[in-house]
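S.K.: Dock chain B against chain A, hints included.
Number of protein chains: 2
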Amino acid sequence: MKQGFYLFLIFSVLLSVLFSCDHKTKKDVVSLQSQSQHPSLILTKKGVQDIRAQLGTIPIFDATLAKVKEEVDAEILEGIDVPIPKDFSGGYTHERHKKNFLIMQKAGVLYQILDNDKYALYVKEMLFAYEKLYPTLLIHPQERSYARGKLFWQCLNDSNWLVYVSQAYDCVYDFLTEEERNQLETNLFRPFADYISLENPQFFNRVHNHSTWGNVAVGMIALVMNDDDLLDRALYGMKMDVLDPNQKDNDGGLIRKEGQKVGFLANVDEPFSPDGYYTEGPYYQRYAMYPFLVFAEALQNVKPDIKIFEYNNGVLLKSINTLLNLTDADGEFFPLNDGQKGMSYYSRELVSSVDIGYYYGGHDSSLLSISQLQDEVLLDDTGLAVAIGIRDGLATPFIKKSVAYTDGANGDQGGLGIVRAQGAKNELALVMKYSAQGLSHGHYDKLSFSFYNRGDEVIQDYGLARFVNIQQKGGGNYLKENTTWAKQTIAHNTVIQNETSHFGGDFETGNLNHSDKYLFDVENSNVQIVSATEVNAYPGTQLHRTMALIKDAYFENPILLDIVNVNSETENQYDLPYYYFGQIISSNFKYASETSLTTLGTKNGYQHLWKEAEGKAASGNSQITWFNNNSFYTLSSVVSEKDNLIFASIGANDPNFNLRKDPTFIIRKPKNKNANFVSVLETHGHYSPVSEIATNAFSSIKKLEIAFNTVAYIGIIIENMNKEQKLFIFSLKDASKESKHSININNKDYQWVGPYNYTIIN
Amino acid sequence: MKQGFYLFLIFSVLLSVLFSCDHKTKKDVVSLQSQSQHPSLILTKKGVQDIRAQLGTIPIFDATLAKVKEEVDAEILEGIDVPIPKDFSGGYTHERHKKNFLIMQKAGVLYQILDNDKYALYVKEMLFAYEKLYPTLLIHPQERSYARGKLFWQCLNDSNWLVYVSQAYDCVYDFLTEEERNQLETNLFRPFADYISLENPQFFNRVHNHSTWGNVAVGMIALVMNDDDLLDRALYGMKMDVLDPNQKDNDGGLIRKEGQKVGFLANVDEPFSPDGYYTEGPYYQRYAMYPFLVFAEALQNVKPDIKIFEYNNGVLLKSINTLLNLTDADGEFFPLNDGQKGMSYYSRELVSSVDIGYYYGGHDSSLLSISQLQDEVLLDDTGLAVAIGIRDGLATPFIKKSVAYTDGANGDQGGLGIVRAQGAKNELALVMKYSAQGLSHGHYDKLSFSFYNRGDEVIQDYGLARFVNIQQKGGGNYLKENTTWAKQTIAHNTVIQNETSHFGGDFETGNLNHSDKYLFDVENSNVQIVSATEVNAYPGTQLHRTMALIKDAYFENPILLDIVNVNSETENQYDLPYYYFGQIISSNFKYASETSLTTLGTKNGYQHLWKEAEGKAASGNSQITWFNNNSFYTLSSVVSEKDNLIFASIGANDPNFNLRKDPTFIIRKPKNKNANFVSVLETHGHYSPVSEIATNAFSSIKKLEIAFNTVAYIGIIIENMNKEQKLFIFSLKDASKESKHSININNKDYQWVGPYNYTIIN
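Going line by line, the protein sequences match chains A and B. Going by numbering that gives the first Met the number 0, the first residue of the first sequence is number 0, and it counts up by one from there. Going by numbering that gives the first Met the number 0, the first residue of the second sequence is number 0, and it counts up by one from there.
This is chain A alone, in the form it adopts within the complex (with noise of 0.2 angstroms):
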């Protein structure tokens, strides 16, 4: 298998050069003009002259700059360090070698705008130091990556690297001798990326995340050498080259697809939603932005025929404010799919998606103010924009919105529903996830569902089983937890079947499906509903889970209406789990707890759930309450006796204590052809640890039922402690608005227009 991959690689070698050389003569792409002046990417001669001429008058811009030049400044005190090559992320050379690019690139920053020598000089030298240290590299000595670097463990570190110093030689280009830029095109810049590219096809000709920084990587050092067929190589990737179709990356995500597009714009056209969702999710959204809209912006400066942010839509604009609503109440990315937590718009990569997007946006006024809390800005043409933006008192506020996005790039394979909605004192927002695979970064969770309070999680999304760049953990890598546990379905707030995953945890098959949208109507923003259906994951199940945050004057705040209707044609066992944070305050059945506790299974992500107690409901409904962050929350479902009752926490099996030990509530229905659950969370009351006054700290809800159930309706009745009752009717097979429907629940006639009906009833 290893052997039959480099032969491939050799021969796709061969051939990648050979077309290579042919495309040199055709110019058919890209009409190239000649480039005169530097800088030209991202600063600009007229750009520059624009930040000397606002210097002092620009309080963000010249804090950012200040704060630069002390980091540099610091640096260059230090001195240079080129090391070889040896660590895997977290240590040494890899940390080093990150440093010395991110400092490269702000150094010539600070050459230019500050016009000081001694920037240009520190980046000439150090890059000499690569330019004799590079030709003597061979491979990286880590094994583990399918695309190894040579400076670091992956190609796509040293992706990171030329991105960034591109930059960096583009602002010392002219600080150079021609036969200085020579030698270091000569020996560093070229081979650097045809190493990238024609000797790692399997990396570079690829949708996917790495592969967007290979292709930025080479077309931004193109711009800078105003090099035509490697511009060419970066947007439309190498016209030829041979890969095994069969093919895996080390995380298990799929290289290529038969007859799929690369290159720089084929990774803007297919992971990206028209509504500018990133089908890998908001975390690896956040890091492809910074190739994607660095790029744009340099391409925009040095090839504005191209209209790069007209491009499909102008998807890498809209993509900013998707990602920009993509977050919590604190800015941090809702961690779906393989999502690291506490990830926010606060990374450098927003700052530069948040500028960059205010300048060739249309001057959006309310990027300024997530410009304000970043408090920080691009030092660039951009930056600036923004800096005099907020000087002069334009910020407004940044407000998210419910919001459907779809996914897939023609939006046609499901997508993502948020939902968001004030309380007394609180901010709730609903994520539910109907969208398709997510590529090799995906989990099994179909219509599974994470719920905020403010910018606590109240029901997790567990996100990955990785430490990022902890290199005690796995060299910092994913961990085999995340494929163990993190990626199955138990993992997440969604129903299993029969303890198996989603498509039977097989990745192939996951990313042939998407689930589909049923209803996103948020119109009336008292009863917001989101609701779809997955009928892929377990074939001959038909799964349909409805949410509705309810605005209702009883209640303190929004409630949570969980319905999730199973369909299936043979008897199965099915498990709700709800992840929830925090202390168990109360429960209203009995249940008994283990005396030693063992597995809730053996694989499939629960041979790492302790079983911790196990109980039955009498009443029809069970009810738990917990306490978390000075807030009581209570889940109250309806419940047969014959379902088990589960509360268990994640941790068993994990002889590295690589997982975090979080609790999880589950419902499970014993075997059955079809089963409802249906829930009701509250968020309420508030405790302070300082005054010691508990307010509010009991459920509302006195009564949970299912009123009525066909194959057509559910009628669910929600009767709180004044014995008000409320029904619910939701059409289960017609979502139109126009619509009429009439039923008889309990010898009383309703009727109405729409797919849902909220009335009062008692």
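Errors might be hidden in some of the hints.
[Stated by the list, open to error] If you want a taste of the chain A side facing chain B, the calculated C-beta under 7 angstroms gives, among others:
no.: 1; residue: M342
no.: 2; residue: Y345
no.: 3; residue: S346
no.: 4; residue: V467
no.: 5; residue: N468
no.: 6; residue: I584
no.: 7; residue: S585
no.: 8; residue: S595
no.: 9; residue: L596
no.: 10; residue: P654
no.: 11; residue: F656
no.: 12; residue: E691
no.: 13; residue: A696
[Stated by the list, open to error] Okay, the calculated bits of chain B under chain A, using three or more residues with CB under 8 angstroms as the criterion:
no.: 14; segment: 333-342
no.: 15; segment: 345-354
no.: 16; segment: 463-475
no.: 17; segment: 579-593
no.: 18; segment: 596-609
no.: 19; segment: 656-664
For the record, the hints were derived by calculation from the structure and aren't laboratory data. Here a beta-carbon is modelled for each residue, glycine too, at the ideal position from N, C-alpha and C.
M.R.: Same frame as chain A, but now just chain B:
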């Protein structure tokens, strides 16, 4: 038993009434002056004039006033509710009556400051509602307390009520007619004061935070009503009562030692050490501060002859500073003994303490900076002074220092050592406890410690097992896990012998004993040492713990060296747990993870720990690194191949989920007479989930070794990654600063003066 108790009660009431009457003629205690004007307790006529003159010019006072006005106005609109008492804390009637007294006090103040009758009318109306209700009340229906109240389930809360309502009454005194006052005093205030004193001597005639509240309640209303006898009762207790000498309260605390003085002044004398440390610990000190200081203020205003602030060497004012020092960087109290986490100097009790301390304690300008953080002042003369001080820019930083506090009325019952040091970006604090038992709220945790970085707990003290005022959790009262877990030795970071708690977990024995300070030396800010001994916790076994917070240029932050010497007449097993927080990142030894979990033991708290993994270190050192809140921590320990290294977590035998599932690492030394536990805790590095950059994530310690150990000395070598060796020698039997020492270690002579020597040796 119960019957006997009631007989005692009745007899005691009779006796007390007799003696109480007897007092009327004596006047030997306090020379009472006739009170001519109201308000006079907290607000004074002159104070009100001053406040009115300054309104609008004193921002923090004005803001507090506006907030209080808004709150009271809202309550007035809601109308008065004085429900029939029924509930535990957390329940409606409890919380309503609590709110009532808080609001009445505030309304009284508003009446005085704003001169608006509506506030006086509101107070009057509510007082008469109570005047109507109170005579109809039997004892409170909830039976849990050893001293049941009438409005609340315990006399303690009834006393809270009277402390606040006395102030309200004082404010509206002149607004009422004499007839109205007589009616209130006859039907409400006097019976109220008698009930919590005469009828509950087991509550009132005691040295305890409960009785402090009771004494002050009676004292406050005495001052308003100008009643000498009541004031005498408050200050000195009832001269005679009949109490079962073995009677305990419902927390297991002994009511009274034989011959013990009682009354308010005894409560100032006994629980405070000369340093102002309150023996129950900071959480209860905070709780008691309000009655202590508000009554002191009232006494100072009405009976200045008593010179209460000079009483017992001015311990009341001293205790304010002590309490402020018993906080972490966020102002949260160290949760020693029974302490609920999160309680802080932002509590209302500390607002009053800081203001009163400033006004009566010589206008210490550093208190103003605490008040600025609190962003709130008392609406009285003291708050006015603070507001003026802040307005005038007089605030200076409140700097928390390394300090040792004695425990015990005479300062001879051990104490507490707080050692603080600054790291690169960290603020470290060590709290070592070698105090007395702490009365009924004490834990069996001799020589335990906790460790803080900034506001984060690094090595935690568990605190109490209680959810104060959260009704679902046992009425908000102490849970049985407070006894079975939180008080037990294994719940703390100290040595446990043979899986039994200190003093066999026996309160009476614990209460008779205390640890002893051996050394507290923080003169050299690079080597700060606290060392203490305990010889009674396990008869026949001597424990000596020495902790040094060492600033060493090689390490990013000060390191914590922890040495425990155990010497016993018998062979025993010794456990030393470290209750860390966060995720295990790595360990240097092999361990086997359990595939099913059982408890670590069956009693003394061990039944609450799940054993997760166990291993042994072959190298002579065990090392674990964990990660919490963006910092790394490494615990390196000297261990032998016989020692068991145990990972465990709390939560077993916890059927109501009353415990937090926090982790611990336990070093277990199997059967031996003597043992030395030697560890170094490093605080190092940083990780940001936004930049994803990990710095200094590895330990800097290569080796830790006991190089020398006799009865008189222990010498520890700390070898860092540069192979530099530092030797810490400690004199175990002679803590004198003047003593000269000379020993030979590895054929090298070491000579020094004083109890320790820290030096580089290679």
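S.K.: Quick check: which numbered hints come out false for this structure?
M.R.: none
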